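Peer 1: Chains as they are written, first to last, in our numbering: chain A, 1 to 146; chain B, 147 to 260.
Take the hints with a grain of salt, since some may be wrong.
[As the list claims (entries may be wrong)] Taking lysine to aspartate or glutamate pairs in the EDC-like style, the calculated list, with each CA pair at most 20 Å apart, reads:
id, chain 1, residue 1, chain 2, residue 2
1, B, LYS231, A, ASP43
2, B, LYS231, A, GLU41
3, B, LYS231, A, GLU40
4, B, LYS234, A, GLU41
5, B, LYS150, A, GLU21
6, B, LYS231, B, GLU198
7, B, LYS234, A, ASP43
[Claimed, not checked] The following label-pair restraints were derived from C-beta to C-beta distances:
id, chain 1, residue 1, chain 2, residue 2, range
8, A, PRO132, B, LYS187, 30 to 36 Å
9, B, GLN155, A, LYS142, 47 to 53 Å
10, B, LYS241, A, ASN13, 36 to 42 Å
11, B, ARG257, A, ASN68, 53 to 59 Å
12, A, GLU91, B, GLY221, 38 to 44 Å
13, B, ARG182, A, ASP24, 22 to 28 Å
14, A, GLU21, B, PHE246, 42 to 48 Å
15, B, GLU247, A, PHE15, 42 to 48 Å
16, B, LYS187, A, THR19, 31 to 37 Å
17, B, SER148, A, GLU91, 26 to 32 Å
18, A, LYS142, B, LYS241, 23 to 29 Å
19, B, THR244, A, LYS142, 28 to 34 Å
20, A, GLU91, B, SER200, 30 to 36 Å
21, B, ASP179, A, SER28, 23 to 29 Å
What the hints contain is simulated information worked out from the structure, not anything from laboratory work.
None of the values given here were measured: they were computed from a predicted structure.
Ideal placement from N, C-alpha and C gives every residue a C-beta, glycine not left out.
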Amino acid sequence: MNLREEGETEIVNQFLDSTLESVDQAESIIMEAAEKAGFEEDDMHKIGMAARECMVNAVVHGNRYNTNKKVHLAVSAGRDTLTIRISDEGEGFEASNLPDPLAEENLLSHSGRGIFLIRAFMDEVDIHPVSPHGTEVTLVKKKSLS
Amino acid sequence: MSIKLNSRQVGDVTVVDLAGRITLGEGSSTMRDALRDQLAKGNKKILLNLGEVSYIDSSGIGELVSAFTTVTNQGGQLKLLGLNKRIKDLLQITKLYTVFEVHDDESAAVRSFS
Numbered sequence: 001m002n003l004r005e006e007g008e009t010e011i012v013n014q015f016l017d018s019t020l021e022s023v024d025q026a027e028s029i030i031m032e033a034a035e036k037a038g039f040e041e042d043d044m045h046k047i048g049m050a051a052r053e054c055m056v057n058a059v060v061h062g063n064r065y066n067t068n069k070k071v072h073l074a075v076s077a078g079r080d081t082l083t084i085r086i087s088d089e090g091e092g093f094e095a096s097n098l099p100d101p102l103a104e105e106n107l108l109s110h111s112g113r114g115i116f117l118i119r120a121f122m123d124e125v126d127i128h129p130v131s132p133h134g135t136e137v138t139l140v141k142k143k144s145l146s
Numbered sequence: 147m148s149i150k151l152n153s154r155q156v157g158d159v160t161v162v163d164l165a166g167r168i169t170l171g172e173g174s175s176t177m178r179d180a181l182r183d184q185l186a187k188g189n190k191k192i193l194l195n196l197g198e199v200s201y202i203d204s205s206g207i208g209e210l211v212s213a214f215t216t217v218t219n220q221g222g223q224l225k226l227l228g229l230n231k232r233i234k235d236l237l238q239i240t241k242l243y244t245v246f247e248v249h250d251d252e253s254a255a256v257r258s259f260s
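So that you can see chain A by itself, here it is in the shape it has in the complex (with noise of 0.2 Å):
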């Protein structure tokens, strides 16, 4: 899978505190790096969704709100791309093991649709477990041909 375009600059790399109020933190960061990337409001929408949902990840089930850990976010982006980061510091998950939110015992259920939606959103998604301990999520957006 090809999650890295020739060319790409790297417009954000920071390390946030893992609360609620760093995702929305991130969710505007990213929004404003989708805009000034050229990104139409429908695919901006979708980014920040898809970002939103990646952070709480990160935030909640990775680093569990642990004042001691941070979660990395890093945007980069290409001519027709933009390229989304997000690491945290939890002890990983296995992504092929997710129930399938869109099973029909599974449609009542509370949680679990969080990386079906960062899926549905993106064009490109890799989860993958970071060392010494972690999980990084690498969202890549295509720009729409208009």
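Since the structure of chain A is already known, use the hints to place chain B on it.
Peer 2: Quick look at chain B alone, frame taken from chain A:
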């Protein structure tokens, strides 16, 4: 912006007007508490008006589902009103359009309660 909420009676239907963003944290818990209050009062015909809701995340979707199951399990009905296109799309891709009864017109929605 966090969520704003107002409840009103239209006949025997409780219309809960929501505005803002329903996301993890305050937005979700405000909606949960309001519905719990309505059920405690015996109001079991609930129309959630999302006309002024600009954004729902997966946690907010989870709260809508929990509200639906809680009301249904108590013998009540919960329906949705006034969804914007993005929230309708969200319900489509999560297959929840098959679960919720969704209306665009308040009068028709109120009349639809049995």
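Peer 1: Taking the hints in turn, state whether each one holds.
Peer 2: Hints, verified against the model:
| no. | hint | verdict |
| --- | --- | --- |
| 1 | LYS231(B) - ASP43(A) | holds (14 Å) |
| 2 | LYS231(B) - GLU41(A) | holds (13 Å) |
| 3 | LYS231(B) - GLU40(A) | holds (16 Å) |
| 4 | LYS234(B) - GLU41(A) | holds (17 Å) |
| 5 | LYS150(B) - GLU21(A) | holds (19 Å) |
| 6 | LYS231(B) - GLU198(B) | holds (12 Å) |
| 7 | LYS234(B) - ASP43(A) | holds (16 Å) |
| 8 | PRO132(A) - LYS187(B): 30 to 36 Å | violated (53 Å) |
| 9 | GLN155(B) - LYS142(A): 47 to 53 Å | holds (49 Å) |
| 10 | LYS241(B) - ASN13(A): 36 to 42 Å | holds (38 Å) |
| 11 | ARG257(B) - ASN68(A): 53 to 59 Å | holds (56 Å) |
| 12 | GLU91(A) - GLY221(B): 38 to 44 Å | holds (42 Å) |
| 13 | ARG182(B) - ASP24(A): 22 to 28 Å | holds (26 Å) |
| 14 | GLU21(A) - PHE246(B): 42 to 48 Å | violated (31 Å) |
| 15 | GLU247(B) - PHE15(A): 42 to 48 Å | holds (45 Å) |
| 16 | LYS187(B) - THR19(A): 31 to 37 Å | holds (35 Å) |
| 17 | SER148(B) - GLU91(A): 26 to 32 Å | holds (31 Å) |
| 18 | LYS142(A) - LYS241(B): 23 to 29 Å | holds (26 Å) |
| 19 | THR244(B) - LYS142(A): 28 to 34 Å | holds (30 Å) |
| 20 | GLU91(A) - SER200(B): 30 to 36 Å | holds (34 Å) |
| 21 | ASP179(B) - SER28(A): 23 to 29 Å | holds (27 Å) |
Consistency with the previously given hints fails for numbers 8 and 14, ordered from lowest to highest.
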